[in-house]
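Peer 1: Okay, here's what each chain looks like letter by letter:
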Amino acid sequence: MAFSTTVSQRKYIKRKAPRGFLKRVFKRQKPHLRLETSSDLLVHLNCLLFVHRLAEESRMNAFENKYGIIKKEHVQAAAKVILKKSRG
Amino acid sequence: MAESYNRDSEPTTRTLLRRVLDTADTRTPRRRRSARVGAQKALLETPSSRRLSTPTKMNVRRGSHRARSIGRLAHVHTSGNLEEQTPRTLLKNIILTAPESSIMTPKSVVKPVPTPQVAQSSRQESSRGSLELQLPELEPPTTLALGLLAPGRRKQRLRLSVFQQEMDQGLPLSQEPRGNASASSLTSSLSLNFATPLQPQSVQRPGLARRPPIRRAVDVGAFLQDLRDTSLAPTDTVLEDTQPFSQPLVGHSPSVYHSLPFLSHTEAENAERAVSHRTQSSGSRLQNHNPGKPAQLLSGKAKKVDVLAVRFPNNSSAISGEDGVEPLQDGVGEEAEERMEESLSMSEVMGSTGTQGSVRTEKSKGHREMTEALEAKEPEGSSEDEDISGRTASPELASSTTESLQARRPQFLEPSPPPSTTVLSSEPLEPLSTRHPPRARTHGPRPRQDPHKTGLSHYVKLFSFYAKMPMEKKALEMVEKCLDKYFQHLCDDLEVFSAHAGRKTVRPEDLELLMRRQGLVNDQVSLHVLVERHLPLEYRNLLIPCAFSGNSVFPAQ
Numbered sequence: 001m002a003f004s005t006t007v008s009q010r011k012y013i014k015r016k017a018p019r020g021f022l023k024r025v026f027k028r029q030k031p032h033l034r035l036e037t038s039s040d041l042l043v044h045l046n047c048l049l050f051v052h053r054l055a056e057e058s059r060m061n062a063f064e065n066k067y068g069i070i071k072k073e074h075v076q077a078a079a080k081v082i083l084k085k086s087r088g
Numbered sequence: 001m002a003e004s005y006n007r008d009s010e011p012t013t014r015t016l017l018r019r020v021l022d023t024a025d026t027r028t029p030r031r032r033r034s035a036r037v038g039a040q041k042a043l044l045e046t047p048s049s050r051r052l053s054t055p056t057k058m059n060v061r062r063g064s065h066r067a068r069s070i071g072r073l074a075h076v077h078t079s080g081n082l083e084e085q086t087p088r089t090l091l092k093n094i095i096l097t098a099p100e101s102s103i104m105t106p107k108s109v110v111k112p113v114p115t116p117q118v119a120q121s122s123r124q125e126s127s128r129g130s131l132e133l134q135l136p137e138l139e140p141p142t143t144l145a146l147g148l149l150a151p152g153r154r155k156q157r158l159r160l161s162v163f164q165q166e167m168d169q170g171l172p173l174s175q176e177p178r179g180n181a182s183a184s185s186l187t188s189s190l191s192l193n194f195a196t197p198l199q200p201q202s203v204q205r206p207g208l209a210r211r212p213p214i215r216r217a218v219d220v221g222a223f224l225q226d227l228r229d230t231s232l233a234p235t236d237t238v239l240e241d242t243q244p245f246s247q248p249l250v251g252h253s254p255s256v257y258h259s260l261p262f263l264s265h266t267e268a269e270n271a272e273r274a275v276s277h278r279t280q281s282s283g284s285r286l287q288n289h290n291p292g293k294p295a296q297l298l299s300g301k302a303k304k305v306d307v308l309a310v311r312f313p314n315n316s317s318a319i320s321g322e323d324g325v326e327p328l329q330d331g332v333g334e335e336a337e338e339r340m341e342e343s344l345s346m347s348e349v350m351g352s353t354g355t356q357g358s359v360r361t362e363k364s365k366g367h368r369e370m371t372e373a374l375e376a377k378e379p380e381g382s383s384e385d386e387d388i389s390g391r392t393a394s395p396e397l398a399s400s401t402t403e404s405l406q407a408r409r410p411q412f413l414e415p416s417p418p419p420s421t422t423v424l425s426s427e428p429l430e431p432l433s434t435r436h437p438p439r440a441r442t443h444g445p446r447p448r449q450d451p452h453k454t455g456l457s458h459y460v461k462l463f464s465f466y467a468k469m470p471m472e473k474k475a476l477e478m479v480e481k482c483l484d485k486y487f488q489h490l491c492d493d494l495e496v497f498s499a500h501a502g503r504k505t506v507r508p509e510d511l512e513l514l515m516r517r518q519g520l521v522n523d524q525v526s527l528h529v530l531v532e533r534h535l536p537l538e539y540r541n542l543l544i545p546c547a548f549s550g551n552s553v554f555p556a557q
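Protein chains in written order, with this note's numbering: chain E, 1 to 88; chain S, 1 to 557.
There may be inaccurate statements among the hints.
[What the hints assert, rightly or not] Per the computed footprint, the stretches of chain E lying under chain S, defined by three or more beta-carbons under 8 Å from a beta-carbon of chain S, are:
hint	stretch
1	38–45
2	48–56
3	60–74
[To be verified] In silico DSS-like links for lysine-lysine, alpha-carbon gap of 30 Å or less:
hint	chain 1	residue 1	chain 2	residue 2
4	E	K71	E	K16
5	S	K485	E	K30
6	E	K66	S	K504
7	S	K453	E	K16
8	E	K30	S	K468
9	S	K504	E	K72
10	E	K16	S	K504
11	S	K461	E	K84
Hints in this document: simulated from the structure, not taken from any laboratory.
No experiment lies behind these values; they were computed from the predicted model shown.
We put the CB at the ideal spot given by N, CA and C, even for glycine.
Required output: the full structure, derived from the provided sequences and hints.
Peer 2: Below you can see the structure in the form of structure tokens.
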């Protein structure tokens, strides 16, 4: 299923998609458009992959600078790259 | 008796049967005469002879009809042949003496033949137990044999007075075979054996036996403990995957309602235990704030909780307060103490019913909750403001508690442990009064941001999970901004794609195109693969068409 079915950290991640939240966001942005049911889940999948890429990039940035903690700068730099990539 | 010298000290099958025969002299089978001769012949025959059942029976009958008066003689005759006599033949003789009560059908006659062989095979066994064990197996065939032999078996070579009585008793119950089987054992045990036949049915078929359910006295203490534990269980899962203080109170309230009835039972004893625990762990905790008076502060707080518990029976979520008490024993550290203060303040705010009992049970729960909340706190940087801002997204209860926390913290640090409860009682009132104004403040902006932030927080948590590294709070805020931007881009792209397709609805094809353009989906990796990898099974079923029976595909294409 997912890359990690077991959680490395102590907290547990919800695997459910916040479908209501996604629909609300889309409606707020594009009120004249409609979102289908299945595409709702695909949007969630897209978000997952985006967040995943962002996290990987941030981690790599932190490692390169030999930081044990992900800092704001790492995230910022990573966001630039990833947002450009996922522009489509 | 002639057989007296035959009787051995060891109870072999043969000897036992002989004894039965001896004691059963009084009874004479009907067909003794005719059977006797045949019996003698049978006796003389090799035990393993597999003569036809009917001829043997005829012989037996003839033999039985005979020597009525010479039953003894026949007995002696047979006893003379007892050396060659086998348990099988002995049993046959016993069967002859059995009364005719059976209802058996003739076709079952064949069965007695193999059964004596079974008896013969067991002849070697010398234990009476083995003999008796065999007998139940022989019983059904013996009953059938009895049925057959009944009409002609009035003369009995064997005289078993007791045996006869028992047989009469066993007749209406149709327990004869067992009676016969048991008759082979010593007569003294006949009565006992007859008692057992009533049970062997269940022994033979243990599944049919009805046993009364084992009822144990309910351990009230353990029961209450379990109830509290189960009521608290949801809070763990809730806490584990959400922000601290956002939902634990919501989860706490139902558990508190559960624990309400237990107050009377456990409050007193738990309060004692809690106080003793606190005094024990006094040295380890609270060194940061009040190194001089750790024990006193602890005891004071314990008293506070007690007083609060007593004072506000109608409020909820005393558990948070108890969780606060718990870290006293953990010795986690500063954060734990903060948490304790917060939880204590929360308990005061909610005014829980002083479920001191739940204090004990929740110690372990609070452990995990505390540690998890702490862990969640650490990456975010445990700062009050951020906690409170995070709490703004949570329901009203939580926000009120956070405000009370704000007001509470300075109060907790300052007050010296009051020795008297009156001082303690005054303290809870103060935080209450200070609590209300802050609560009204944050009502305005909350509804606007909360749902959005709550939804985003889901992805933020996923980010921290994927990163597998500790993160700063500012970094997480940055992630939130990135997500906002990302959503904007996403909606724009989808609009463009759907418009390009001449539609006003965004469909999965648009999404696939988007992912293809993003580089996530290519010729090597298809959308279905990604769906299978990252989404749970329920969503996979909704997204990927699957063929079902009846020539149907779901979801329909």
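Peer 1: Determine for every hint whether it applies to the structure shown.
Peer 2: These are the hints, each one checked on the structure:
1. Coverage of the stretch 38–45 of chain E by chain S holds in this model, with 7 residues showing a Cβ closer than 8 Å to a Cβ of that chain against a need of three.
2. With a threshold of 8 Å between beta carbons, the proposed coverage of the stretch 48–56 of chain E by chain S holds, since 8 of its residues qualify and at least three are required.
3. Taking a C-beta to C-beta cut-off of 8 Å, the stretch 60–74 of chain E contributes 7 residues in contact with chain S, enough for the three needed, and the coverage statement holds.
4. The suggested pairing of K71/E with K16/E holds, with an alpha-carbon distance near 28 Å, which does not exceed 30 Å.
5. For the given pair, K485/S sits about 15 Å from K30/E by alpha-carbon distance, which is consistent with the 30 Å threshold.
6. Pair hint K66/E plus K504/S does not hold up; C-alpha atoms about 49 Å apart against a cutoff of 30 Å.
7. Only pairs whose Cα atoms come within 30 Å are accepted, and K453/S paired with K16/E is accepted, the gap being roughly 17 Å.
8. Proximity of K30/E to K468/S is assessed by CA-CA distance (about 35 Å); at most 30 Å being required, the pair is judged violated.
9. For the hint pairing K504/S with K72/E, the CA-to-CA distance comes to about 39 Å; that exceeds 30 Å, so the pair is violated.
10. In summary, the hint linking K16/E to K504/S is supported, as the alpha carbons are separated by about 27 Å, within the 30 Å threshold.
11. A distance of roughly 22 Å separates the Cα atoms of K461/S and K84/E; the hinted pair therefore holds under the 30 Å criterion.
Hints 6, 8, 9, counting from the list given before, are not met by this structure.
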